[in-house]
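Engineer: The whole structure should be built from the sequences, with the hints applied where relevant.
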Amino acid sequence: MTPLRRQWRQTLTIARRDFVATVFTPIFLLFLFAPLIMASFGAIGGMGAASVSAGSTDKARLVLLLDAEEAAAVRVADAQLRPLFSGEARPPELEVRAPETDTGRQARTALDDSRVDVPAVMRGPLAHPAIVYAAGSRDGARYLAALADRAVLGLAAGDAVRSTARIERIVTTAPSQGGRKASAFFAVFGIFFLTLFLSGQVVGTMAEERNNKVIEVLAAAVPLESVFLGKLLGMFGVAVLFVAFWGTIVAQGTQFLPADVASGLRQVVPAVGYGWFALLFAAYFTTAYLLLGSVFLGVGAQASTMREIQMLSLPITIVQVAMFALASAAASKPGTWVATLAEVFPLSSPFAMAGHAANSPALWPHAAALAWQLLWVAIFITVGARLFRRGVLQSGSANPLWKRLLRRTETLPH
Amino acid sequence: MTNAADAITAEGLVKRFGDRRVVDGVDLIVPQGAIYGVLGPNGAGKTTTLRMLLGIIEPDAGARTLLGRAHPRDASDEVGYLPEERGLYPAMKAKEAIAFMGALRGLDWRTGRARAVEMLEAAGLGHAVDEKIRKLSKGMAQLVQLLGSVVHQPRLIVLDEPFSGLDPVNQERLERLILAERDRGATILFSTHVMAHAQRLCDRLAIIARGRRRFEGTVDEARGLLPQQVHYVPHHGGTGLSALLPPDARESGDGWRFTLPGEGIEQLLTRLIAAGHGISGLSIERPGLHEAFVRVVEQADAEAGGAR
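Top to bottom, those sequences are chains C and F.
The opening position of the first sequence corresponds to residue 1 in full-length UniProt numbering, with each subsequent residue numbered one higher.
The opening position of the second sequence corresponds to residue 1 in full-length UniProt numbering, with each subsequent residue numbered one higher.
Bear in mind the hints are in silico, worked out from the structure with no lab data behind them.
Quick caveat: nothing in here was measured; it's all calculated off a predicted structure.
Any given hint might turn out to be false.
Claimed, not checked - Listed below are the simulated DSSO-like cross-link pairs for lysine-lysine, each with C-alpha atoms no more than 30 Å apart in a straight line:
#, chain 1, residue 1, chain 2, residue 2
1, F, 93, F, 132
2, F, 135, C, 213
3, C, 213, F, 138
4, F, 93, C, 213
5, C, 213, F, 132
6, F, 93, F, 138
7, F, 93, F, 135
8, C, 181, C, 333
As the list claims (entries may be wrong) - Using C-beta positions, here's what the derived DEER-type ranges look like:
#, chain 1, residue 1, chain 2, residue 2, range
9, F, 284, C, 391, 53 to 63 Å
10, F, 108, C, 3, 10 to 20 Å
11, F, 121, C, 193, 49 to 59 Å
12, C, 44, F, 18, 50 to 60 Å
13, C, 252, F, 70, 55 to 65 Å
14, C, 317, F, 196, 54 to 64 Å
Glycine residues also receive a C-beta, built at the ideal position from the N, C-alpha and C atoms.
Structural biologist: Given below as structure tokens:
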């Protein structure tokens, strides 16, 4: 058996052990369904927030201090403009109150009404309306101003013919620049989201071997580089299982999307086409995982306790978010020096190149980028293994090159 | 002198940790098919030497070959190793743990599992085949690890303090296993500081103290390092007896112990009988490996003290 083949076999043995040890445990189910738990909490929180928001909207009123004729014109205008708003953007209902002698004072008093929330009050005449609003309710005041304008036009036009538009939905297939940008962002965010969840898992894997003392058995039988790569591949297998599970569910879920949303998604066409984009997305997810994972594995291998590993989670998250920010900037500004930097810097390269696939149709840069990224995976694994061998197994020379050089410099005559 | 039939050769191995020379120029030659013991007190450098031989750590100086290969890693599929600090995955079943260790050394999983079951049953652990390691006693787990280190039927087996932590029954089992592996044709190198095992098992041995090899040879040669001891029981004691005995004579129980004189025992006995002390009992004893080991280590300590 050739040394390379033996090393590959040993790598797969380590990967298999780690995969089985991770997947065939009850804890894995918790990990697998973590997004569901997270989404459930998100949904519950969102429903609560929506309920609170709806409750406060129901109790809010925009008050009109107008005579009956002007108030009726404003209501007509409200009926025309209100459908332009949806959800939380919808303005509060109108409430007409008979104007008193001092409408200025009446308006200010209305804002302090304790029975209902009054964000804004408008008093006539409509040709020169005066609007007051409570702090933070400027949108309500603007809406009242728009209603007044529309109502004045309505009153002036009388029964004259008004424009009535015919609105028709057409399904388009041509990709748009906006669609490319959206697919670039989707690619960057998708890979970031997946690696954020999954690559951090490898940080503590070497600690298991150190605590169990298995590392001595492994180190005697297998090159440490194979141990590192095997652990990385084992955990990557876990990540693929996770992605496949949720990918299948999400793919099935798209069948139930509303027609408008599905049509909108068809506009999101990456520059390289769907087929290549899917392949490149998978390839860049793999390299992103391997790159970040190899760095985290190498750093985590130096930690000997769970406390040290936990302390590493913050810098790890910061690194990931920084790479996401850099790649997002690259995706939104293709062809700039920021984009080039993000595409070349090893840790952000997979994210940025996935965005590049959405923005540019050329395929050859991806072959170069993947080779470049895999080279860095090899570098990170080699460096991580050497640091581990030197620091943990104490295999390093007591007199390394840098020390010898330093000593020589110190003893040189001045 | 080394030859191609040697399982292990090491020449001038040196390892420093910081400013401390833990191993200071160790030479070893382990012939194929031998049971070879590396003896030494705690901290002598035995484990570090074994780790260098196996390629777990690199020596700072010196060279070694393992089964004829210049780099130990190239022979890893033909080597079995039981480290001093035992380590198994607690969540693995005993059978899987053995098969995993075999798989690391090139044995396919299916064969590894089948052999694991056979070996566990032969070792009296048939009931533990599907037990998780965390549920086994320390001794049983140690036995599982030992079986894992030989499941791939290696040509060379390296055992670091294999008897430590085992009860007498399991020590006996381990001795039988080592002899069985030697009969299969394997070379066995093990370290220990318990002389009884070494005396019973080793064809050859090396004594390491303070990072250096102080002795290399057979058990008999090691025992020959010390002169034979005489145990003499006089028929009549009394004054003047001690003056007739050699200067190192010391009372021991009902008699006296002293080093066998260089000219033999006959002249001394003649003098004792003539002085009326008579002979109630007399035996000439060869010192054990234990005594030889203690002497070698004490000499090493004395040398180190003198050097300081």
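Engineer: Run every hint past the structure and note whether it holds.
Structural biologist: For each hint, the structure was consulted:
no., hint, in the structure
1, F/93 to F/132, "holds, 4 Å"
2, F/135 to C/213, "holds, 17 Å"
3, C/213 to F/138, "holds, 14 Å"
4, F/93 to C/213, "holds, 17 Å"
5, C/213 to F/132, "holds, 17 Å"
6, F/93 to F/138, "holds, 15 Å"
7, F/93 to F/135, "holds, 9 Å"
8, C/181 to C/333, "holds, 9 Å"
9, F/284 to C/391: 53 to 63 Å, "holds, 56 Å"
10, F/108 to C/3: 10 to 20 Å, "holds, 19 Å"
11, F/121 to C/193: 49 to 59 Å, "holds, 51 Å"
12, C/44 to F/18: 50 to 60 Å, "holds, 58 Å"
13, C/252 to F/70: 55 to 65 Å, "holds, 58 Å"
14, C/317 to F/196: 54 to 64 Å, "holds, 57 Å"
No hint from the list above goes unmet by this structure.
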